[in-house]
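**Student:** Below, each chain spelled out in residue letters.
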Amino acid sequence: MVDKAKIVEVDDLKVRFYTYEGIVKALEGVDVFLRKGETLGVAGETGCGKTVTGLSILKLVPPPGRIEGGRVLLNKDGKTINLLEKDELFLTKIRGKDISMVFQEPKAALNPVYTVEQQIGEVLMLHRKAEFILNILRQIKDEYKKTKSKFRRFILKRQFGLYKLMLKNPESLYLKIMSKIPIVRRFKRRLKEEIRKEVVRLLKEMEIPDPERVANMYPHELSGGMAQRVVIAIALACNPTVLIADEPTTSLDVTVQAQVLDLIRRLKEKFGSSIIYVSHDLGVIAELCDRVAIMYAGNVVELADVYELFKNPLHPYTRGLLEAIPRPDKPLKSIKGTVPNLINPPQGCRFHPRCPYATDICRKFKPELVEVKKDHLVACHQVMGGE
Amino acid sequence: MEDILLEVINLKKYYPITGGVFKRKVADVRAVDGISIGIRKGECFGLVGESGCGKTTFGKTVIRLLDPTEGCILFDVPRDIREEIKKHINSPNPDSYKLKKLREQYDIATFKGKKLRSLRRRMQIVYQDPTTSLNPRMLVKDIVGEPLKVQGLAKGREIREKVLEVLQKVGLTDKHLYRYPHEFSGGQRQRIAIARAIITNPEFVVLDEPTSSVDVSVRAELLKEFLRLKKELDLTYLFISHDLSVVECISDRVAVMYLGKIVEVAETRELFNNPLHPYTTALFSAIPIPDPLAKKKKRILLRGEVPSPVNPPQGCRFHPRCPYATDICRKLEPELVEVKKDHLVACHRV
Amino acid sequence: MNEKVSRWEEIKRGMGPTIKELKFTINRIKQSPLSIVGIVIVAFFAAIAIGAPFLAPLPEGWRDPFQVPKWPPGSLTHPPTPPEPGAPFGTVDGYNIYYACIWGTITAFRIGVEVVAGTLAIGLLFGTLSAYYGGIVDEILMRITDIVMAFPGLLLAMALVAVLGPSMDTVVLALILVGWPSYARVIRGDILKIRQEDYIEAAKAVGCSDFRVITRHILPNSIYNVIIMASLDIGAIVLSAAALSFLGLGAPAGYADWGQFISMSRPYIYKNPQDPLGYWWTWTIPGIFIFTFVLGWNLLGDAFRDILDPTIRRR
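Chains as they are written, first to last, in this note's numbering: chain E, 1 to 387; chain G, 388 to 737; chain D, 738 to 1052.
Check before you lean on any hint, since a few could be wrong.
Stated by the list, open to error - Only pairs whose alpha carbons sit at most 30 Å apart, straight line, appear in this in silico DSS-like list of lysine-lysine:
hint, chain 1, residue 1, chain 2, residue 2
1, D, LYS749, G, LYS542
2, E, LYS129, E, LYS93
3, G, LYS618, E, LYS333
4, D, LYS749, G, LYS528
5, E, LYS97, E, LYS145
Hints were generated in silico from the structure; no laboratory data involved. These numbers come from a predicted model, not from an experiment.
Take these sequences, add in the hints, and give me the full structure.
**Tutor:** Following this line, the structure appears as structure tokens:
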């Protein structure tokens, strides 16, 4: 059951790109929210700003882009924090742990010189180290009780001390020195073992066959589907509350895409994750998502439950998109015109030059995203008048 | 029965993999591994398959942008001569002198140099990505006019007039002549590419995923253009795509390719209503349908990944992933046979 | 009448995009102040080169402008004299340094242009054929390139001088023969990258001959790195020529070449313990000329890179 609580809320987000040719007003007041346990689809064509929205949530917008205004609220441990106000240090704790992201090109998201185990291990070390160390400490205690040998007990005591130090004061000089001395540094092996076990477990969870072998592979040895699964594994390694997926299956073959979508669906059921799924493929969105936000030229133009959206699309753009999907029995319909240049976007409603219902008010005033039916928000003057 | 414009007989295209110090051939990437098919005049022949199946290689080989490793390509050859050639090929003496002479004259797989270049006038290609298929340092008028210049079909003023004519056909104006490709949107660039392809009045055009890099809302526009131009200019298309919904809308017949071979061919409606090959059915069921109510349908999930074309599996290439594979599938490679009227399948089960 | 008007219109329209491109380039240049400095320096030297006959007019009856006249006129060798009217930069071995520096500008440009033209011609030929045809052609051409590259330039220069006698032309020839391999390599790498782009294949699909594909499609898109290399190289070439002249392998004595004159100043770098820099004008002034000239070209080369690099350009 979908929990009504909002877990991520984007409020009036404004992002601009300062390029040579001019200022690209990429996002001009984006309002969207994600509820706990649901999958929100963000759909739109190239240039609509869906990827930038995803990146902005984690404050990962690359220069020359700048987040100029708005709020990104995250509901963490009962408190609401505005991520845009926080500094980088705070955000590094959030990224990968509370909110994770999966990108479009799996091979590009993986570092080609590190093995799968090393890459998943990196994220585990960053966020879940304490958990592993506590496990190890417990292990050492158990072993200590079991063994009688004085020598072994001596070694275990030393190891215990070092791990405790790792937990309390990871920057300690003593620890650093001990990590370099040849035989002493073997104590780190326990940590490596723990991580490897967890990595294999994660890979199995992703339904990757022969996970032991795959853990030692390099990204170029993996096929597209497997690489994307590894990326998803990295994203889910620390059990994030929110997963942002930016067109994760676009670059994959149709049959492989089916497998990965199936996996995502099963993970969703198993872990109850909240997912923001960005895509231009309405078919995938229809299959996977509970609610859908349609974006056009930097704004959310419609936001509704998925069944409602496909049955009763209210915004002219949404209608046009659904009609443009090639169907064998119906004649081909397209939306006339092209996506506007965001350096000089049209006045008023950004869709008006292409809209068959545009009137004077559309050309002058930008419509707000308002709730016209229960849980169905639209940004259109024509609809607010009562459709 | 319409006449066949382009017929390929046992077409193969292998890429050698070299290894070792002396760079000897170690294995082959069998991109196209024995395809025999005929494309009828005036039709839009769709070719679908996933990445790595060889469909782009097939398209490029058929118009001789790549040199075939083996096989015949007969372009605009009268039926009786085609029959004769096929008879010679299937005869116990395939290396006969007569066959050689026939092939030299009609088989474009043997054409070289000037003969090949003059052939280019009649066969053209539109690439998938219009950003990389147009020379970024050339003006539109030069890009579109180049085929005329190179083929010696027009000079000076004439070229400009023809360029204008063809640009208008694809929905652009003379304002666009003196601009560079990067000043246009994706859809417009694709139109420029189309203009370049049709300016020499070709008979056969290979469309290699022409709508994949274009937005959904513009895609329908382009598809309508293709259909209109086909009728107006009497063209024959080879439409390559991995997007089944697009192929369904525009093609007359569709062929499904897997790992270098064609596994099923039929008229579009027949294929989509009655897919017979297991790969085809799996492919169709894998497409996400833009209708949330259709979620209920059970999807056929194939095991494993697409194998590499370097070492295709023994017997039927699809058997490792096929849910119905039997012993014979593992040993013997199925032939492409006609099981219903105009519906060919390569599967032992059928 | 109509024909003429529309032809003029055509030409104007044809220039449209070129002008737009030019404006864009100028804007890019304006953004980088050092490039402007580079352009100014090179322009300054170009002005000197063009104005040489006016800045340093030849004395009566003097035939060869590149043979530096002596000061006072008609004198023989004498110890260097400091700057004075008539010889604003002083003299060395009796030669008028002012003349040498002014006319030496022309020599510098000449060497730079000739050597760059030569190395570009050979380098482009080898590199393009190598990259375009690949296979055994590539192997053979590249191995030849490797062999030439391994050749020590100095020895080659000395060998050529021994055969052809010391002169500016010999220096130019030596520098060309030794310099072309790096251009071949660079253009080969760039063409290999471009060769597999769709539009190259499209050009072949349209029926272009190999020659047309190379000249009309490949080269205009791959030439940037080579141009940048060339402009950066001009400075280096002038320095190498100066070094060769310094060693006596270049022009004959008294030739208007900066390197020559620095070579002549060798015994005078240190005057005597009481006045160690006594003859400063013999090596400082030609040295400043070389230094500034090379600096100008280096800055210009960097400017070219910033402007022309397609990855940095907005395209």
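**Student:** Each hint needs a verdict: does it hold in this structure or not?
**Tutor:** Hints and how they fare:
no.: 1; hint: D:LYS749 with G:LYS542; verdict: holds, 20 Å
no.: 2; hint: E:LYS129 with E:LYS93; verdict: holds, 13 Å
no.: 3; hint: G:LYS618 with E:LYS333; verdict: holds, 19 Å
no.: 4; hint: D:LYS749 with G:LYS528; verdict: holds, 15 Å
no.: 5; hint: E:LYS97 with E:LYS145; verdict: violated, 35 Å
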